[in-house]
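**Q** These are the residues of each chain, in order.
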Amino acid sequence: MSSAANYLTVSALTRYIKRKFDADPYLRKVYVKGELSNVKYHSNGHIYFTLKDAGARIACAMFASQARALSFRAEEGMNVFVTGDISVYENAGNYQFYAKTMEPDGVGALFVAYEQLKQKLEKEGLFSPTRKQPLPPLPRHIGVITSSTGAAIRDILTTLERRFPLAKVTVIPTLVQGPGAAPAIVKAIERMNEVPDVDVLIVGRGGGSIEDLWAFNEEAVARAIVKSRVPIISAVGHETDTTIADFVADLRAPTPTAAAELAVPDQLQLLQNIRSFSDRITQQTLGKVKQSRIDLQRVKQSAVFQDASRLYRPFVEQHLRMTDQLQQTTMRTIERVGQQQERLSLRLMHVSPVERIQRAQQQIDTIRQRILYSTQQQTTAKKHQLVNRIRTLEALSPLQTLQKGFLYAEKEHGVVKTIEEIQPKDTLQLHFYDGTATVQVQSLEKGGNHGTDI
Amino acid sequence: MERTFEQAMKQLEEIVRRLEQGDVPLEESIDLYKKGMELSAECSAKLQQAEKQLVQFIDAEEEAD
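Protein chains in written order, with the UniProt record's numbering: chain W, 1 to 454; chain V, 1 to 65.
Keep in mind the hints are simulated off the structure, nothing from the lab. Treat each hint with caution, since some may be false.
[Unchecked claim] Examples of chain V residues toward chain W, derived with CB under 8 angstroms:
#, residue
1, F5
2, Q11
3, E13
4, V16
5, L26
6, Y33
7, C43
8, S44
9, L54
10, I58
11, E61
Think of the CB as a built atom: it goes at the ideal place given N, C-alpha and C, for glycine as much as any other residue.
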C-alpha cells in the first residue's frame with residue numbers, strides 16, 4: 001500500500017513537467033508557422049493569441065517587451081512565422097508558447113476570401129447608404145434570426161421585452177456556424193419575408209472566432225440580406241467584428257443586445273415623451289387662453305368701450321359749435337342787410353318823386369284855380385253877353401211880330417216865302433202867335449207887296 | 001363660416017383703433033361700436049368655452065392617471 005508520502009502534490013507534478021519542458025533543448029528555441037486567431041492586445045502591452053492550422057492549435061503569448069518590437073499589428077487570420085519557447089503555465093496547468101519574434105506570411109485564406117467578397121460587393125454598390133432601408137420607428141412585428149442556444153437570443157428577447165413589449169416577436173432558430181449555417185440563414189431570411197406583417201429583422205449571433213462568424217461573410221447570406229423586403233439589423237459577434245453581413249445590412253448593431261435596442265424605442269422613454277407632450281400642449285393652451293383673455297381685457301378697457309359717450313361727444317360739441325356759428329352768422333347777416341336797407345331807403349327818400357309830385361300837384365292846383373277863375377270870369381262875361389243878346393233877340397223875335405197880328409204859312413216843305421210855292425187847293429198851316437190853323441188855298445192873286453221878311 | 005377667435009380679436013382691435021382715431025362719421029361710429037360690443041362678447045364666449053373644455057380635458061386626464 002502506498003503511504004501518503006508516495007503521492008505528489010499538484011504543484012510538485014506541475015513543477016516536474018515544467019522542468020521536463022524547460023530541460024528539452026528542442027523546446028527552448030522553436031520555429032513554428034500557423035494562422036493567427038483570437039488575437040487579444042492586453043492593456044499592459046502583452047499579446048495573447050492562438051496559433052493554428054487545420055489539425056491543431058496552441059495557445060500563445062507575446063510579452064510587451066517583444067510585442068513592442070513588432071512592425072505590424074497582429075490580426076485575425078494572418079499566417080505568421082513565430083519563434084519562441086514552450087513552457088508550462090503552472091497556474092492554469094497548461095503549456096503555452098512564448099513568442100519572441102513574429103513575421104507575417106501573407107494573410108490567411110479566410111481573410112483573403114473576406115477581402116475579395118467585400119471588394120466585389122462594394123463595387124456593386126451594395127454598401128451604399130442610399131440602398132439602406134429606413135427602420136420603422138415603432139415596429140409591430142420583429143423577426144429574429146439566430147441560434148436558439150447561446151446568449152444572443154436571450155439578450156435580444158429580454159431587451160425587446162424590456163424596452164417595447166408591444167411588438168410581436170417571431171424567432172426562426174438557425175444554425176449560425178459550421179457547414180450548413182449560411183444556407184440556413186438564407187432560408188430563414190426568405191421565410192421571414194413571407195410573414196406579412198414583419199417590419200424589421202434582426203440577424204446575428206454572439207461573439208466567436210473568425211471561423212465561428214464565417215457564415216456571415218458568405219456571399220449567399222449577403223445577397224439574401226440585400227434582397228430582403230424587410231429592413232435588416234445585423235448583429236454579429238462583438239463590436240470589433242465586422243462581417244460582410246454588417247456592410248450590406250440596413251443597420252449594423254455592434255452586439256445582439258444593441259440590435260434589439262436599435263430595433264425598438266424604449267417604452268419608458270416613449271411614455272415620458274407622451275407625458276411631456278401632453279404637459280406641453282396643456283401649458284401651451286392654458287397660456288394661450290390666458291394671453292387671449294389679457295388681450296381681450298386690454299381691448300375691452302380701451303377708452304372707446306369704457307365710455308361710449310366719447311363716441312358722440314365730439315359730434316355733440318361740433319353740433320353746438322356749428323349751431324352757435326350759424327346763429328351768429330345769421331345775426332350778422334340780418335344786421336348787415338338791415339343797415340343796407342336803411343341806407344337804401346334813405347337814398348331812396350332822397351331820390352323820391354313824391355316831392356316832385358307834390359310840387360306838380362301844387363302847380364296843377366294853381367293852374368286849375370286859374371283856369372277855374374278865368375273860366376268863371378269868361379262865363380260871367382258870356383252870361384252877360386248872352387242876356388244882352390237874348391234881350392236883343394227877344395226884341396227881334398218873330399213872335400213879337402206875330403203878337404202884333406202877323407202870321408206865317410207852312411207847306412209840307414216848310415215856310416212858304418213866296419206865292420210861287422203854292423197852288424190852289426194846297427193845304428197850308430197858318431201859324432199865329434197863340435195857335436195854328438190849317439187852311440186850303442182857294443185862289444191865288446199874284447202881285448202886291450204886302451208882307452214883311454221874317 | 002364662423003370666424004376664429006383670432007379673426008374676431010383682429011376685427012375688434014381694428015374697430016378700437018378706428019374709433020380712437022376719432023375721424024369716423026357718427027352713424028358709422030355707432031355701427032362700429034355695436035359691432036365691437038358684439039365681437040367682444042363673442043370673444044369672451046369663445047374664451048370661456050375654450051377654458052371650460054380645457055379644464056374638462058385636464059380633469060379627465062388626471063382621473064385617468
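**Q** It remains to establish, for every hint, whether it holds in the given structure.
**A** Tested hints:
1. A least Cβ separation of about 6 angstroms between V/F5 and chain W falls short of the 8 angstroms threshold, and the interface hint therefore holds.
2. Taken as an interface hint, V/Q11 does not check out: its beta carbon lies about 10 angstroms from the nearest beta carbon of chain W, beyond 8 angstroms.
3. For V/E13, the shortest C-beta to C-beta distance to chain W is roughly 6 angstroms, which falls under 8 angstroms, so the interface hint holds.
4. Checking V/V16 against chain W: minimum C-beta separation of about 5 angstroms stays under 8 angstroms; hint holds.
5. With 8 angstroms as the threshold, the beta carbon of V/L26 comes within range of chain W, its nearest partner Cβ sitting at about 5 angstroms, so the hint holds.
6. Among the interface hints, the one on V/Y33 holds; its C-beta lies about 6 angstroms from the nearest C-beta in chain W, closer than the 8 angstroms criterion.
7. The interface hint given for V/C43 holds, since its Cβ lies 5 angstroms from the closest Cβ of chain W, which is under the 8 angstroms cut-off.
8. Annotation: interface hint on V/S44 holds; nearest CB of chain W at approximately 7 angstroms, less than 8 angstroms.
9. A least Cβ separation of about 6 angstroms between V/L54 and chain W falls short of the 8 angstroms threshold, and the interface hint therefore holds.
10. Look at V/I58: its Cβ gets to within about 6 angstroms of chain W, closer than 8 angstroms, so that hint holds up.
11. Taken as an interface hint, V/E61 checks out: its beta carbon lies about 7 angstroms from the nearest beta carbon of chain W, inside 8 angstroms.
The structure does not agree with numbered hint 2 stated previously, though it agrees with all others.
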